[in-house]
Amino acid sequence: MKDILVVKELNTKNKNFSLKNISFSISAGKIYGLIGKNGAGKSTLIKEIIRKSNINSDDVIYTKSDSGISYISHITSFPNTFNSKDIDKVCKKLIRDWDTNKYFNLLDEFELPIKRNIGELSTGMKAKLNISIALSRNSKLIIFDEAMNGIDAVSRKLILKKLKSNIKLEPEKSMLITSHVLEDIEEISDEIIVIRDGEIVKNISSKDIKNYQKDDVLEFM
Amino acid sequence: MINGLILKDFIVFKKSITSLKVILPIGILLVLNLLLGKNGSNILNILIGLLVFSLSFSSYDEDTEQWELFTYSSKISNLILVSARYIFLISIMLLSVLFVYLLNISEYLLFNVESLHFINFLMLVILLLFSTVVIIFTPLIYLVGLNNVQIIMIGIFGIVFVLFKFLKIPNWMNNLFSAILSNNILMLLIIISLFIVLGTISFFMSVFFAKKRSLNNF
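Going line by line, the protein sequences match chains A and B. Take the first sequence: its position 62, counted from the start at 1, is 69 in our numbering, and no numbers get skipped. Take the second sequence: its position 83, counted from the start at 1, is 1273 in our numbering, and no numbers get skipped.
Rather than coming from a laboratory, the hints here were simulated on the basis of the structure. Just so you know, not all the hints are guaranteed correct.
Example chain B residues on the side facing chain A (calculated, C-beta under 10 angstroms, incomplete) [as the list claims (entries may be wrong)]:
hint : residue
1    : Ile1192
2    : Leu1197
3    : Ile1201
4    : Ser1209
5    : Glu1255
6    : Thr1261
7    : Ser1263
8    : Ser1267
9    : Ser1404
Lysine-lysine pairs mimicking DSSO-like chemistry, simulated, CA-CA at most 27 angstroms apart [unchecked claim]:
hint : chain 1 : residue 1 : chain 2 : residue 2
10   : B       : Lys1205   : A       : Lys99
11   : A       : Lys15     : A       : Lys37
12   : A       : Lys109    : B       : Lys1265
13   : A       : Lys15     : B       : Lys1265
14   : A       : Lys59     : B       : Lys1402
15   : A       : Lys133    : A       : Lys169
16   : B       : Lys1401   : A       : Lys59
17   : A       : Lys20     : B       : Lys1265
18   : A       : Lys100    : A       : Lys133
19   : A       : Lys27     : B       : Lys1402
20   : B       : Lys1204   : A       : Lys122
21   : B       : Lys1265   : A       : Lys99
22   : A       : Lys168    : A       : Lys9
23   : B       : Lys1265   : A       : Lys71
Some residues of chain A that are not near chain B, with every Cβ distance over 10 angstroms (derived) [as the list claims (entries may be wrong)]:
hint : residue
24   : Leu17
25   : Asn23
26   : Asp115
27   : Glu118
28   : Ile121
29   : Ser129
30   : Lys171
31   : Glu194
32   : Lys209
Remember, predicted model here, so these are calculated numbers, not experimental data. The C-beta atom is built at its ideal place from N, Cα and C for all residues, glycine as well.
All chains, full assembly: derive it from the sequences and hints.
Structure, rendered in structure tokens:
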């Protein structure tokens, strides 16, 4: 299977935090879960991947760099005064591979109001909107950085189901989902990467994932 | 790509200008100016223009870390981001000046206040003033953030207005503007060239500071 992203011995040192010798790869058609406690280095690693995928670096190689990376978190990237239509208007002109039909279909599936401003949406609705934005692009790598923070169980289940079905429909893509909630990662991931203090302490492959219990993963965190 | 960024800023601007907290003071100032009739002040019109123009800076408020990550991951360069911002600011600046000009012309036609020559002179001063704001404050915002710059901007504008209202315009400035207005093409070209040079320096400084900020953020 062809790797979409290869992270090879990535070391960085910021003022307060450092990533140590991070290595893993991401293949098409799979969902990867990046799990670790708060402050373990998940967001720092994601930022490094985004930053280095834009430049020719030896330690982060994104083979589909033409399409960029689709990144979302639990906070919407667009202004609170925007509604879903405004986002479509801007993205149509801003992002080369934006798919308007797909975007409105997703909004419809998630039963999101089109004309209501982002600032007036509930946390669950915002998460669904963010996920709709991320899936409406044709980026080969989609990163969800703690995108399901603060969402109720029903919305969470619906979103996870949507992500699973999406990767089946578009096997040329892959997803990297970060969370500090093991249940989210466990339910959806084909592979789990556990990060602690800026280091990858366990990489559980799809072959082995069934042999691990929840407590085993928690032990690594 | 750049069209999307400009459109985003215009949508933010449109939403802020159509909010009641902006329409209300603009409306009050307009009514006040009409009621004052012949005693109406150009300064009030300039204030309205300034209010409209200052709203363009609200677009910086939306440059959150999430937006920066979104644009960075979408491979939108700082050069394009800053270019879009300058195009947007210059467009709003021209629209604001045009708005003030129309207000002044309406007052001239209604009440026959001031001379057309004075109105043209005033518009030129405003245009240069607003251009100076874009040239100076845009790189500063990329360097120290909008909140810090807003305080500096309010202070400077206050001082400039007081100076124009209560003090005599320096002779050299008067001569300069008179020369420009009396079809002195050469003088006009010098001024335009000077602002183009300063604008270019300001633009590249903004790109430099925006890049620096991205590096610090990621």
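Here's how the hints hold up against the structure:
1. Satisfaction of the interface hint for B:Ile1192 is found here, the shortest Cβ-Cβ separation to chain A being roughly 9 angstroms, below the 10 angstroms cut-off.
2. At its closest, the beta carbon of B:Leu1197 sits 5 angstroms from a beta carbon of chain A; the interface hint therefore holds under the 10 angstroms criterion.
3. For the restraint placing B:Ile1201 at the interface with chain A, the shortest Cβ-Cβ distance is roughly 5 angstroms, inside the 10 angstroms limit, so the hint holds.
4. A cut of 10 angstroms between beta carbons decides the hint on B:Ser1209: the least distance to chain A is about 9 angstroms, and the hint holds.
5. Annotation: interface hint on B:Glu1255 holds; nearest CB of chain A at approximately 8 angstroms, less than 10 angstroms.
6. Taking 10 angstroms as the C-beta contact cut-off toward chain A, the hint placing B:Thr1261 at the interface holds, the least distance being around 8 angstroms.
7. Taking 10 angstroms as the C-beta contact cut-off toward chain A, the hint placing B:Ser1263 at the interface holds, the least distance being around 4 angstroms.
8. Taken as an interface hint, B:Ser1267 checks out: its beta carbon lies about 9 angstroms from the nearest beta carbon of chain A, inside 10 angstroms.
9. The interface hint given for B:Ser1404 holds, since its Cβ lies 8 angstroms from the closest Cβ of chain A, which is under the 10 angstroms cut-off.
10. This hinted pair checks out: B:Lys1205 and A:Lys99 have alpha carbons roughly 20 angstroms apart, not beyond 27 angstroms.
11. With a CA separation close to 19 angstroms, the supplied pair A:Lys15 and A:Lys37 stays within the 27 angstroms bound.
12. Restraint check for A:Lys109 and B:Lys1265: the C-alpha separation of about 22 angstroms stays at or below 27 angstroms, so the hint holds.
13. Restraint check for A:Lys15 and B:Lys1265: satisfied, since their Cα atoms lie roughly 22 angstroms apart, inside the 27 angstroms limit.
14. With a C-alpha separation of about 15 angstroms, the suggested pairing of A:Lys59 with B:Lys1402 holds against the 27 angstroms cut-off.
15. Simply put, A:Lys133 and A:Lys169 have alpha-carbon atoms about 15 angstroms apart, close enough for the 27 angstroms limit, and the pair holds.
16. Straight-line distance between C-alpha atoms of B:Lys1401 and A:Lys59 comes to about 14 angstroms, which keeps the hinted pair within the 27 angstroms bound.
17. Under the criterion of a C-alpha separation no larger than 27 angstroms, the hint pairing A:Lys20 with B:Lys1265 is consistent with the structure, at around 24 angstroms.
18. Under the criterion of a C-alpha separation no larger than 27 angstroms, the hint pairing A:Lys100 with A:Lys133 is consistent with the structure, at around 22 angstroms.
19. With a CA separation close to 24 angstroms, the supplied pair A:Lys27 and B:Lys1402 stays within the 27 angstroms bound.
20. Under the criterion of a C-alpha separation no larger than 27 angstroms, the hint pairing B:Lys1204 with A:Lys122 is consistent with the structure, at around 16 angstroms.
21. Restraint check for B:Lys1265 and A:Lys99: the C-alpha separation of about 15 angstroms stays at or below 27 angstroms, so the hint holds.
22. Between A:Lys168 and A:Lys9 the CA atoms are separated by roughly 25 angstroms; this keeps the pair inside 27 angstroms, and the hint holds.
23. For the given pair, B:Lys1265 sits about 12 angstroms from A:Lys71 by alpha-carbon distance, which is consistent with the 27 angstroms threshold.
24. For A:Leu17, the shortest C-beta to C-beta distance to chain B comes to about 14 angstroms, beyond the 10 angstroms cut-off, and the non-interface label holds.
25. No beta-carbon of chain B is positioned within 10 angstroms of the beta-carbon of A:Asn23; the least distance is around 13 angstroms.
26. Chain B leaves A:Asp115 outside its interface by the beta-carbon criterion, the shortest separation being 23 angstroms against a cut-off of 10 angstroms.
27. With a minimum CB-CB distance of about 24 angstroms to chain B, A:Glu118 clears the 10 angstroms threshold, and the non-interface call stands.
28. For A:Ile121, the condition that its CB be more than 10 angstroms from all CB atoms of chain B holds, with the nearest at approximately 15 angstroms.
29. Against chain B, the non-interface label of A:Ser129 holds: every CB pair exceeds 10 angstroms, the least being about 18 angstroms.
30. With 10 angstroms as the threshold on Cβ separation, the claim that A:Lys171 sits away from chain B holds: the shortest Cβ distance comes to roughly 23 angstroms.
31. Residue placement check: A:Glu194 keeps its beta carbon more than 10 angstroms from all beta carbons of chain B (closest about 25 angstroms).
32. Chain B leaves A:Lys209 outside its interface by the beta-carbon criterion, the shortest separation being 26 angstroms against a cut-off of 10 angstroms.
Violated hints are absent here; each numbered hint is respected by the structure.
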